[in-house]
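> Line by line, the protein sequences give chains C and B.
Heads up: the first sequence runs through residues 1 to 734, numbered per our numbering.
Heads up: the second sequence runs through residues 1001 to 1654, numbered per our numbering.
No wet-lab data here; the hints were simulated from the structure.
Quantities reported herein were computed from a predicted structural model and do not represent experimental measurements.
Don't be surprised by glycine CBs; every beta carbon is placed ideally from N, CA and C.
Certain hints may be false.
Going by beta-carbon spacing under 7 Å, a handful of chain C positions derived as facing chain B [to be verified]: (1) S2; (2) G61; (3) Y86; (4) L87; (5) L91.
Straight-line C-alpha distance at most 30 Å; calculated DSS-like pairs for lysine-lysine [claimed, not checked]: (6) C:K64 x B:K1147; (7) C:K139 x C:K235; (8) B:K1638 x C:K3; (9) C:K235 x B:K1130; (10) B:K1139 x C:K241; (11) B:K1130 x C:K64; (12) B:K1129 x C:K235; (13) B:K1539 x C:K579; (14) B:K1638 x C:K235; (15) B:K1126 x C:K241; (16) C:K241 x B:K1147; (17) B:K1637 x C:K3; (18) B:K1637 x C:K235; (19) B:K1637 x C:K318; (20) C:K310 x B:K1507; (21) B:K1507 x C:K81; (22) B:K1296 x C:K241; (23) C:K81 x B:K1296; (24) C:K164 x C:K186; (25) C:K174 x B:K1130; (26) B:K1539 x C:K318; (27) B:K1130 x C:K241; (28) B:K1638 x C:K310; (29) C:K241 x B:K1539; (30) C:K64 x B:K1126; (31) B:K1507 x C:K235; (32) C:K318 x B:K1638; (33) C:K310 x B:K1637; (34) B:K1129 x C:K64; (35) B:K1638 x C:K174; (36) B:K1507 x C:K3; (37) B:K1129 x C:K241; (38) C:K235 x B:K1141; (39) B:K1147 x B:K1129; (40) B:K1173 x C:K241.
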Amino acid sequence: MSKIIASAAIRGAHSIVNRAGKDYEEALEKWGPDQKVGFPNTAYYLPVIYGMLGIGVEKIGDMKEVIERCRLLLPPLVREKMHLPYLGPVLDAGMATLFADEIIEAIRYLKDPGFYLTGEEVTDNQIWLGAADDVILRKRGVEFVDGTAPGFAVILGSAPDPQKAKDVAEELQKKNLYVFMHADNKGVRFSEQLVEAGVQVGWPTRLVPFGPDPTSVCFAAGFAVRAAMSFGGLKAGEFRKILIYNKDRIFAFAMALGLVTDEWYAQAAGAINFGFPTIADTPIPEILPTGVCTYEHVVSNVPYDQLVSKAIEVRGLKVTISEVPVPVSYGPAFEGERVRKDDLYLECGGGKSKAVEWATTKEMNEVEDGKIELFGPDITDVEAGSRLPLAIVAEFAGRKMQDDFEPILERQIHHFINYAQGMMHIGQRDIAWVRIAKDAVEKGLALKDIGSILHAKFHEDFGAIFDKVQVKLYTEDEKVNEILESARGVYAIRDSRIEGMTDEGTDTFYSCTLCQSFAPSHVCIISPERTGLCGAYNWMDCKASNEINPTGPNQPVDKGECLDQKLGQWKGCNDFLFKASRGALDHYNFYSIVHDPMTTCGCCECIAAILPLCNGIMTVDRDFRDMTPCGMKFTTLAGTIGGGFSAPGFVGHGKYNITQRKWLSGDGGIKRLVWMPKHLKEEIGPRLKKEAEEMGVPGLLDMIADETVGTSEEEILPFLQEKGHPALSMDPLL
Amino acid sequence: MARKIIPFTQKAGCQGICCEASTSILEQAAKDGVKTYVQRMENMSAQPCLFGQGGTCCRNCSFGPCMLIDGVAESVGICGATPATVAARNFARMVASGAAAHMDHGRETALTFLATAKGETPFEIKDEKKLHFIADLYKVKTEGRRKEDIAIELGEKILAEFGQQEGALVMTKRAPAKRQELWKKQGVIPRGVDREVVEIMHRTHMGTDQDYRNLIFQATRCAMADGWGASMIATELQDIMFGTPVPLRTMVNLGVLSEDHVNIVIHGHEPQVPEAMAIVSQEPEIVAAAKEVGAKGINLAGVCCSGNEILMRRGIPIAGSFVQQEVVIATGAVEAMLVDVQCVMQGLANVAKCFHTELITTSPRAKIEGATHIEFELEHALETARDLTLRAIGRFKQRGKVRIPDRKMDVVAGFSHETINYMLGGTFRGSYRPLNDNIINGRIRGVGAVVGCDSCRVESGRVSTTVVKELIANNVLVLVTGCVATSCGREGLLRPEAAELAGPGLKEVCETVGMPPVLHMGSCVDNSRILIAATEIVKEGGLGDDISQVPAAGCAPEWMSEKAIAIGQYCVASGFYVVFGRTFPTAGSKVLTDFLFKEIEELYGGMWAVEEDPTEMAQMMIRHIDKAREALGIQEKKERVLFDMAMRQELDAV
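This is chain C alone, in the form it adopts within the complex (with noise of 0.2 Å):
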């Protein structure tokens, strides 16, 4: 019977709504109205309030509206007898109480600046994460597009022990989603019980401890919030397109554990609205028709060994899970968990001694699907704290296996070995680096395991392209030498062959709209000289992606006719365009900024904007908080583009695309690059230094200015006459 929970819900609403009143009082009292306040580094304002009321609270004076419609959203409590509807009104109190609780929040970070960490990692005395930055959201938020993590789950209180919490944990973890923790069970914490049972919580492994409050939730519904509106392109105030959308696309869940309070029924009314179910392990009354929510609302009483499986059934989604045979846990989630020094049993590479990977190609009569060896000692054969030297092979054959596809089965070994519990990997190629630790060791895990994980994967993954996969590991000084060597030479010959690719030479490109289950009128096409903006996909990607799945999101495109050679218009990119952007678009420019750009997501890691003044063009990666020269942060210019438009004298590229010869060629190329944030110019430097040679310009990196030149137009300008600038003697941008 659910009056129960709406009599709850209602009583926790005006209880939260309450303090939130008596906070900003406080507050407007010790501070005055002009204080600002907000949560750290983010575009979106508090962004539950900002999404829904689209309103973008600054100042604590801000608040008062915010304070005043929450009282107006706050229903009478249910009467006993004779209650008037309360579904709709509960519903409202639970908006209520995540607009109150932003203000709680936002109020806390202005009394108590050290009580949230920022970042992503917990440290050893501090472990509340607090809202997540936009930072985070992007980088995370792209895992939700690609479908590494179909969405989250928010547990209120504890589990009855710290074995059971990590049981729990695991188990999300295992299903790819991220586990945001709140709240206390008689004073008892998921997240603080996680960290007693020695797992690694925090942004990196998915377990984010985001507050100890209640009222913390705000922080989970504040990022399914901005993934709507940076990913889906919705704008603040379109709160019914931006629930839908959470309903549709963001898989999450509440979990209650422990004596569910009216204050945490209230927090699950707010979560309703998002279509987000409540799943209890205590027997608290159930609503089970459907509607808000895609399915049930609220289920009880759910024995712990069921409870993920319920929650991810009543959320309606399908977790795909490796059966990945290795003793220990296994799947994306781990793949952000670090192995520290002091947990370290073995490691191989890392600049102490060598390690390298290698994907290579052999005839069908020389591969024996499944075959794992290993040349040289293993795991058990050396003590805790040791290294070895290490050389993985992994050979295919098959009808369909190219030359080509090497470099992309290679790289995914990084992600492969990662996602093992317990395994830490970092680099590729000749620098590859792993790590086991002493837990993983101590469940059994050998060196034999890595071949076991990418035979289980690549079949898995990329079981269309090959047959037959067989892995070799060596952890022999001469052997891995020896394979070294041979790797080098295979590198060289990889890299002269996709750099000597050019758009003109090629007749087909590739679609990508991988993202289009978050900015549906988003379409990509990626030419060799123009890689995708989220960085991770190039024209060989998706070729490769292509023959893997010929129905997926990687469509060839048959160029066709150019409409405009400058701006890189074809004919047979317009008609996809039209018909993948189901009749949003109709046509756009692969080469140009000022002129119909190609459309821009969420995911994009850099975002290239004019600067008039300076007749030139800036961009920013998404690792660079601060203000740029177009007097936007890289937060607020995805907010205001990343929604899958063209927007002109903006688009989103990969920082990779900078160092390519048709970035911007349309609008001059790089000779028009003014300003872009300094860790990035160290990052490219070497490769733009040899594109800019090439264009002629040979000092050129030298003359583009950066932060520490300055961070508006007029700052910057005085230096690029002073470096002579290219772009100030070129036609005019605009």
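Dock chain B against chain C, hints included.
Relative to the frame of chain C, chain B by itself:
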């Protein structure tokens, strides 16, 4: 389905009323020599004429009346008119009269609306959101304009539709696209409001339209001008002026009359007088005047649809339904009964004379011999309302023996289309999705509209409430309007606690939403709300793309007025299966009745039926609902769909 044999025999005398309070008052009144419908029925010298009842009596020229017997070749009119033609003409005239009642109501509303916009009435524009919505429909610019200016232009445009000769009524564009196409194909989109009535009167004149199909075609077009025209106009403009109903608690039945207050009862249909009375009744001077005569204040109560109007919007209780109108006075507790138009029994005048009650007619269109006539003029609405109230106060001291039964029942009302939308998802997620979802998953089998009057030819109230109980027990969500709503209210069916009587699926949904299983949607013009609700169900998706595909059915178990026939006909034209109780006015012609009960489905997807037994009536509706469910492919339980990434990529933009 085989057509039921329609009973031609009439049970003699009064069948009583399904309300102990009313029965006790009626018995007492009879002892005191007060003559009500009970005595009039008993004293009737002749039983209802079979030809008149079956629709085959033609008195449209002086050769007749020609009384025709179906199936007898020689039994045609002197002019040659067949039983089918005669029955169709009589049916069409019932539609014309019923529709005209709503049209005149709608016109009065539009006039009040325009006067209000011009500041000439005490009323105001209360619901600006709806004003903008309706203005958009009528292509009236809203941006940057004062609400009064918008309302003036809108009011003029709407008023013009009454006299419009060509084109189409704007409200018809709210229907599902497929329905509009069908109407276009059939040619039944009304050209104007009044024209369609006039044309019926012309066509049914001696020697004019003598093809029953063509007559029913025009009857349909005229009924459409009621449901998708005047009634909808009335509902929407009343909402804009007096507020769109929201859920509220109130009470019904005789017990709402007060021993120690001046009781003023408002009866009839149009909301202007009731609204004005509600505004003034709590004014301090008025209350003081009441106290001077020894009363504690003013107690307003409604009867019939005037009652429903102020019950829905203001929570003012209802003392009685149509059948109870005389009983209300017979309590001896009513100082004044104000009546305007429709469903007001002339017998009230004599009942009032037996007590201290003053019966006051307020509309120039409806006077009653023996009643006081005080015309209600809009521009002096509040002054008139005060005068009327003071007159009632003046009668308080003349009260004789008062017999107010201790019977009243809680109700939850106020279920406008907007309320339903809100209650199913709140401010941020309001939609019909949960309703559609639970119809699709079978918790709710379908939607049943039980509307219309209550009748003294049956045990009043019992037939309707039996249908309703049978429907909810079978998981059919019930929508009610008019006096059926009052009957349901008396039985406690409008309380959320009535979910206990519902089948397990419906009960679960009621408990989730916190709603009763029977939703009171308003007065009889508010049947237009049901048209909009059905349209919303279609638009929400998953239950077909036309109203006729929705698992829904309508009925009027105790219908009596010609308005009911007009309502039934526009519902059939909108795609509903409509079952009427006890008797049907074309029963005398098998040809015409077969057309209305069967063939018409091919034209409109909806059809008529008649049934006397309430349980069977409900079962007929349920069978129709199940048929619709079958056709939609939702009878089978569906496997839960779990979404993976690829399926999410297939989704369209929100």
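> Determine for every hint whether it applies to the structure shown.
Now the hints, each set against the structure:
no. : hint              : result
1   : S2                : holds, 5 Å
2   : G61               : violated, 24 Å
3   : Y86               : holds, 4 Å
4   : L87               : holds, 4 Å
5   : L91               : holds, 3 Å
6   : C:K64 x B:K1147   : holds, 28 Å
7   : C:K139 x C:K235   : holds, 20 Å
8   : B:K1638 x C:K3    : holds, 28 Å
9   : C:K235 x B:K1130  : holds, 25 Å
10  : B:K1139 x C:K241  : holds, 26 Å
11  : B:K1130 x C:K64   : holds, 28 Å
12  : B:K1129 x C:K235  : holds, 22 Å
13  : B:K1539 x C:K579  : holds, 26 Å
14  : B:K1638 x C:K235  : violated, 36 Å
15  : B:K1126 x C:K241  : holds, 28 Å
16  : C:K241 x B:K1147  : holds, 28 Å
17  : B:K1637 x C:K3    : holds, 28 Å
18  : B:K1637 x C:K235  : violated, 38 Å
19  : B:K1637 x C:K318  : holds, 20 Å
20  : C:K310 x B:K1507  : holds, 24 Å
21  : B:K1507 x C:K81   : holds, 16 Å
22  : B:K1296 x C:K241  : violated, 53 Å
23  : C:K81 x B:K1296   : holds, 28 Å
24  : C:K164 x C:K186   : holds, 16 Å
25  : C:K174 x B:K1130  : violated, 50 Å
26  : B:K1539 x C:K318  : holds, 29 Å
27  : B:K1130 x C:K241  : holds, 22 Å
28  : B:K1638 x C:K310  : holds, 18 Å
29  : C:K241 x B:K1539  : holds, 17 Å
30  : C:K64 x B:K1126   : holds, 26 Å
31  : B:K1507 x C:K235  : violated, 39 Å
32  : C:K318 x B:K1638  : holds, 17 Å
33  : C:K310 x B:K1637  : holds, 20 Å
34  : B:K1129 x C:K64   : holds, 25 Å
35  : B:K1638 x C:K174  : holds, 29 Å
36  : B:K1507 x C:K3    : holds, 13 Å
37  : B:K1129 x C:K241  : holds, 20 Å
38  : C:K235 x B:K1141  : holds, 25 Å
39  : B:K1147 x B:K1129 : holds, 10 Å
40  : B:K1173 x C:K241  : holds, 25 Å
Of the numbered hints given earlier, the model fails hints 2, 14, 18, 22, 25, 31; all others are met.
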